[in-house]
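Asker: Chains as they are written, first to last, in UniProt numbering: chain A, 1 to 400; chain B, 1 to 400; chain C, 1 to 400; chain D, 1 to 400.
Treat the hints as calculated values from the structure; they're not laboratory data.
Take these hints with a grain of salt, some might be off.
When chains are identical, the list treats them as one kind, so a pair holds in a single copy or across two.
[What the hints assert, rightly or not] DSSO-like, lysine-lysine: derived pairs with alpha carbons at most 27 angstroms apart:
1) LYS333 - LYS131
2) LYS347 - LYS396
3) LYS356 - LYS333
4) LYS276 - LYS30
5) LYS30 - LYS347
6) LYS396 - LYS356
7) LYS6 - LYS131
8) LYS370 - LYS125
9) LYS333 - LYS136
10) LYS30 - LYS333
11) LYS143 - LYS5
Protein chains: 4
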Amino acid sequence: MAPGKKGILERLNAGEVVIGDGGFVFALEKRGYVKAGPWTPEATVTHPEAVRQLHREFLRAGANVMQTFTFYASDDKLENRGNNLRLTGQQINEAACDLAREVANEGDALVAGGVCQTPSYLSCKSEVEVKAIFKKQIDVFVKKNVDFLIAEYFEHVEEAEWAVQVLKTTGKPIAACLCIGPEGDLNGVSPGDCAVKLVKAGAQIVGINCHFDPMTCVETVRLMKQGVERAGLRAHYMVQPLAYHTPDCNRQGFIDLPEFPFALEPRILTRWDMHKYAREAYNVGIRFIGGCCGFEPYHIRAVAEELASERGFLPPASEKHGLWGSGLEMHTKPWVRARSRREYWEKIRPASGRPKCPSLSTPESWGITKGHADLIQHKEATSAQEIQHLLEMQQKARTK
Amino acid sequence: MAPGKKGILERLNAGEVVIGDGGFVFALEKRGYVKAGPWTPEATVTHPEAVRQLHREFLRAGANVMQTFTFYASDDKLENRGNNLRLTGQQINEAACDLAREVANEGDALVAGGVCQTPSYLSCKSEVEVKAIFKKQIDVFVKKNVDFLIAEYFEHVEEAEWAVQVLKTTGKPIAACLCIGPEGDLNGVSPGDCAVKLVKAGAQIVGINCHFDPMTCVETVRLMKQGVERAGLRAHYMVQPLAYHTPDCNRQGFIDLPEFPFALEPRILTRWDMHKYAREAYNVGIRFIGGCCGFEPYHIRAVAEELASERGFLPPASEKHGLWGSGLEMHTKPWVRARSRREYWEKIRPASGRPKCPSLSTPESWGITKGHADLIQHKEATSAQEIQHLLEMQQKARTK
Amino acid sequence: MAPGKKGILERLNAGEVVIGDGGFVFALEKRGYVKAGPWTPEATVTHPEAVRQLHREFLRAGANVMQTFTFYASDDKLENRGNNLRLTGQQINEAACDLAREVANEGDALVAGGVCQTPSYLSCKSEVEVKAIFKKQIDVFVKKNVDFLIAEYFEHVEEAEWAVQVLKTTGKPIAACLCIGPEGDLNGVSPGDCAVKLVKAGAQIVGINCHFDPMTCVETVRLMKQGVERAGLRAHYMVQPLAYHTPDCNRQGFIDLPEFPFALEPRILTRWDMHKYAREAYNVGIRFIGGCCGFEPYHIRAVAEELASERGFLPPASEKHGLWGSGLEMHTKPWVRARSRREYWEKIRPASGRPKCPSLSTPESWGITKGHADLIQHKEATSAQEIQHLLEMQQKARTK
Amino acid sequence: MAPGKKGILERLNAGEVVIGDGGFVFALEKRGYVKAGPWTPEATVTHPEAVRQLHREFLRAGANVMQTFTFYASDDKLENRGNNLRLTGQQINEAACDLAREVANEGDALVAGGVCQTPSYLSCKSEVEVKAIFKKQIDVFVKKNVDFLIAEYFEHVEEAEWAVQVLKTTGKPIAACLCIGPEGDLNGVSPGDCAVKLVKAGAQIVGINCHFDPMTCVETVRLMKQGVERAGLRAHYMVQPLAYHTPDCNRQGFIDLPEFPFALEPRILTRWDMHKYAREAYNVGIRFIGGCCGFEPYHIRAVAEELASERGFLPPASEKHGLWGSGLEMHTKPWVRARSRREYWEKIRPASGRPKCPSLSTPESWGITKGHADLIQHKEATSAQEIQHLLEMQQKARTK
C-alpha cells in the first residue's frame, strides 16, 4: 500500500463508502481482448495497455479498489477444454498485480487480489486439490503485496469457505462474495447461512457479486446481513452486481438466460438505474459498492455521483458529466436542453426499440449440478460428439 | 499515407470492402472523457491515451479508416453555450490528426480528416461565414497530410454542399455523409436529390451516418444510389449508422427520442444484428461500411467477420472471438456450450428484462427548424429563463 | 321502414351522426353460434334467439343500423370446402331480414341488407357469374323490403363495383365499403381511386370496413374522401373498422397476422380507444360510424357516448355505464373510486400481462393474389394433400 | 333438481369432471346490462332475456352448473353509495333462481345459489348482522329449491366461515371459494389454513374464484388441498379463476391493477391458454372447473374441449368449433388454412399490437384493509369531498 493510504478495513470501520470497480471480463470482451467462453485474463500479458486503460477509467470514475484482473486465472481453468494459451497462471497473475498497482498509485485506490471458483471443484476434485489451486494464486498476491484479498464468484459456499481458509493464511483482510440470489447457493444453503459460514471461515467482508441484477443482489446481501446479525456475529458488507436487468432469472442467474452471453444488450442498466441501486445498497447498510459484468466506467461514476454527498466529493470523471443530465444545457437542440434535469431522467421508462421481442425470457433449467457428468471438465477441446449430446439435452429441456 | 498503402479511392475502385471505425463520442462519454451536451473532442489534448486506445481497438476490430476525432471541433461549437474549454480548434484538430496517424501506422488503415455541421449554419450565418469555419479545420488536415476527408453529420444538404466545396480545394478524395433518413433532409430534399447535389459538389463517396439504425441508413443509401444512377452520375457509397434500434424515429432521428442520450441502452444492437447489417449493406452495393454513435469495437468486428469471405481475412480481434459463438465450446456449463453455433444466435429474440417499459416511444416533434429563435446559438451558458421557456415548450409539444 | 323513421340519406344529408352496429361474426363465434373458418351466418335459422339478442345489444348501445346477418351468405360460399349446411342462402337471408327488422322496430334503427365478396370472384369466375350471385341475395332484400343496402368487405374494387351495379337496380340507397388500407386494394388501386369508382358505380355512401384498426381505417376513408373531392364528386362517408390494434399489418390486413383468428385477444381495443376513434372519425368528416370484427356492444356504446353532445342524447345502455368511469364512485374499494374520472382513463397505457410475448408480429406475406391456384375454391373439403402443400408454403414464406 | 339428474356431490364422488359457468358480471357489463362500480345483478328483473341468453351460452359451451346471477345481491350492497335501484334483494334473487332453473332444465346442469362477501363485513358490522344478510338470501334459495349452494368471492376466510355456517342450515351441499392467491387471505391466513377452516365449517367443496389468473388460482387450490390433506380431512376442490393474465398482481388481486376494470382487454386469455389451464387444474386434482370475470362462453368451451376425453363427450357448442382450429380448413385464404392444427396454436405467443404499452403494471398498494375509514360503506353517494381525499391518497401511494 502506498504510504498514507488507509486500508480497506480502516475505511469500512470508519464508516466510509468504498466504491469498487466494474466488470473487466465483459468490458474487455467488447474491446477485443477477452474470449467469451473461456473468459480467461491473458490480456494482462498480451495486451497490458488495454487492461491498464480500463483500470484508469474505473479509477477516474471513482473506484477505490483496483481488483487484479485475475478472474479464472487458475491453472486448471487456463487449460480447460482446449484453451491453449502457452501462459502460466503465475505469469498472468503477476502481470495483473503490476497493472493494478501502477494505476492504484495514480489515485486513492487499493489493490485487491482476486480468486474465484474452479473447474476442479465442479469436477468433484478433493478439498486438498482445490485448496492447492488457491494456494498457487495466493503466493503471487503475497509476493506482489496486494492490499487485501477477494474470494468471489462462488456458486457453492463450501468452495468459498475453502478459499477463505487458504486466503486467511496470508494475514491480509479478506472479502468473500458468492454469486447467488435470494434462493441461496446451488446446494440450497440460504444467503443468511452462507454469510455465517464465510464469517466463521475468516472473512471480514461478505457479500454478493455477479449473476443477478443490482436490486436482487442488494436484497441477497440484506438477507446475508440478517443472518450474520441473528448469529450474533459482525461483518462488513459488499455488493458487485451485474449491470443487466435479470427479473426472469432462476437460481443459476444470468448464465441460464437464453441471451447469455451474446444478446444481453437490451438488459443493460442506464446510469439512472445505477443511482437507484447505489441508494438502495447504501440504505441497506452496504458500504463496499461496486459492479461486475456489464458495468462500464459510466456506471461506476453514477454510483459515485449518487453517493457524492455521503462521500463529500465527486469522482474525476464527473468533470465530463453534468449531474443528472445538466450538461445537456449545452446541447444545440432546444428539446434536448429541456431534458437537462433530474425529474426527466428519474421517471424515464426506456423503450427497447425491439417490438418483435418479448420483455422476459424463460431461463434454461437443465437441473444439472456439481457432480453431473456434463460438468466434469477436461483439457481436450469439446468434441463434436459432446456438442451433439448437448443439443439433444437442450431440445429435451425446452420441451419439458 | 505510409508508403505502399492504397488510397481510399484505389481500394473502392478495386471493389474492396473498406471497413470504417465506430463511434468515438458515445464510447468516450461512457469511458469518462467526453461530455454529453457539448459533445466536443477536447480529449485529444487532455486524455490522448484514451483516444489512442479507442483507435487501437477499432483497428484491431478490422477498421481500415482512422477517422480523426474532430467531431464538432469547430471554434463556433467549442465556445457554444458556456462550454469554456480554453483550447482552440486548431490545438484539438492537430492532436487528433497525430493520434489517428500514430495508430493508422500500426496497421492497414488510412487517416480521414472529418468535419461536420456547425452551430453557425443553424444560427443562419452566411455561406461565407460557414465556409470560413470549414476552411480553418481543413488547414490543419492539409498541414497534417491526412489521406482523405469526410464531411459528415449534416441535416441540411445545403450546408454539406458548402463543406464539400471547401474540402474540394485540397485536392484530396472526399466522402460526404448526411444524417438523414428515407424522408430526406430537414428541408425536405429527398435522399436521391441530396446525393446528386453532393456528387455534383465534388464528393467521390456519398452516404449516410448517424441518426438512424443500420437498416434505415442502408435503405437511405439505397435511395441515394438510385438517385445518382438515375442522374447518370457515378459515385462510391458509404454508411456509418447508429448502433441503436430506432424504428420509432421521425425525420429528426434519434435526437427526438425521449431516451436520447442517456437511456438508449435497451436499443443497443447485438453483434448478430451487425451481421445482418453488414450483409444488407454489402448486398445494396455499399463498400465503405462502418459505424457511428453506439458502435463499440465488437460491433465493428462483427461487420468484419460477416464480410471475412469477401475480404479474404479476419480482423486481429477475432483471435479473441469464436465465430458465431464457437468460443462457447470452452464454457464450463453444458447448456452454454450448447449455444456455440450460428443457428442459435441468428434466431434469438432478446428480451429487454424491463417488463414495465414499452417497446416503442413517441418521438418529440417540436416542429422547429433552422431559423427558429430557439436554434440560435450563443457563447453564454443557457439561462434559467431559457430553460423555463423550454419546459413550457416541452409541455406544449406533449399535449399536442 | 317504420312510418315516421327518417331514411339513411335523409339523416346523412341533415348532417346527423349515424351509428352502425358491431361485429356479428366474431361476437357470435365467441358465444358459440358461428364457426371460424367458413364464418357463415346459418345461426339466423338455427339459433335466432342468439342473433336477435346481439341485435338488441347493439340497438341498446346506440346503433341506428341493424345490418342483416348475411355475411358470406351467398350460395357459393355456403357450399365451400365441405361446409355442408343443408340450408340455402335464401333461407338464411330471409331469416336474417326478419330478425333485423324485428329489433329495428324496437328503436330508432334502419335495416340494411348486406352483401360481401364471393369465393367465385377469387376463383376467377366471370362478371356475369359473380353478378348472378349478388342478384340472388338482392332478391331477398327487395322481398323483405330492407331500408338500404351495404356492399362491404371487398378486397378488389372491381368486384365491389359489380356489386354496386347489381344493388343499384333496386332503387334503394347504397353504401359501399372496401376492406383495404392506405396502400389500396389488392390490385394496387389507391383508396382515392377506389372511392371514385364506387361513387361512379352508384354508391351514395362509401367507406371502409374490417381488416384494419380504427385509426388506419379512418385514415383510409380520409384518402377516399380526398379522391372523391378531387374528382369533383360528392358522397357520404362511413367506417366500420376492427376492434383490434393492427399496427403491424401489411396490405392484406389482419388475416395475415399470425394471431388471426384465434389469438387476437391482446389486441382488443378498450372503450377509451373507441372514444379516440369516434372523435377522429367525426373530425375527418365521417358521419356513419360503426364497427366490424371485434366490436362488442360496449365498444359501440363508447362511440355513442363520445358523440353524445353532437347527437344530443345518450344511448339506452348508458344507464348502465357511468360516463368516463364515473360509476366507479360506487365501488367498495377507495383506490378504485379514485379512478372514476376521465383524466385517469384517457392516459392509461394498459399492460398486456404477457411479458414473454412481443408487442408486434410479422405478418405472413405469401404474395398470393386472385388467380393463384391456392385461391381457387371448391365444394369438397380441403384434402390432407392440400394441407401438406400449405405447410410447405408456410415454411417457405417464413424463411424468405 | 330435475328427476334423474345426479347431484353435485354424486358427480364429484363418482370422479366426474363438473364444468362451471363463466363470468356474468363482466360479460353483461360489456353487453350493456350491468353497471361497473356497483356491479349489482338487477338485470335478472330488468332484462331477463339477456341473463337467460348468457346462461344458455354457457350451457351450450359445456357448463354443468347454472349459478344464479345473485352476485352482490345482498340488501346492504344494493343500497350502497347511491346505487338506488328500487328493487329488493328478494326480487332480484328470486328472478335469478327462475332464470337459472329454466336454462338448467334445457340440459344436464344443476342450479347453484350463490352468496358473496358483504359491504357490512368490510364496514366492521357484527357476526350477527352479517349472518342475517346471508340468511335473507338463503331463504330465497330454499324457497326456489336450488340444487346446491356456493359461498364465493371472500377476501377474509372469517366471513366465508360465517357464510358457510348459515348455508349449512339448509342441508344442501355447500361449495366455498375465496378470492385469494398463494399469499393467503387479507388477514394473512394461508390457503391451506383457510381450506381447513372452510371444511370444518361444513363445506364439502372448497376452492378459489376470481381475483387471479388461472394458473395462480390452480396453484392456490393446490395449496388448499395440501392443507386439507395434512389436516387429515377430505374435500372436493373447485376453481373459477379470472380470464385475465395477472402475473403482476399483489395479494389484493386484479382490483389493484391500474387497468381494473376498464382497460383489462390486453390481458384476456386465448382459448389455447384455457386448454393449458384445464389440463393443469385436472392434473392437480380439481374436478369442478369453471370461470369467473372475463370468462366468455368460448373460454368455457375450451375447458370442455380439453377435457373431452376424460368426460367422454364434447359440448353442444363444439358443433361450431373445429377442435384445435381445424375449422380453418374451410377458410378461403391458403395461409389461414395452414393454421388449422394444434401445433400452430399451442406455440403461439400473441403480440399485443400496443408497442407503446408495457407488459406488466405496478399494482396500487394502498395498504388499506378492513377497518380503515375509507372502507366503511354508506347509502349516500360518494361526495366530491371524498373523491378529492381519494385523489390525494392515490397521489401519495404512487410516490411512495
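Asker: Please list, smallest to largest, the hint numbers that this structure does not respect.
Answerer: 7
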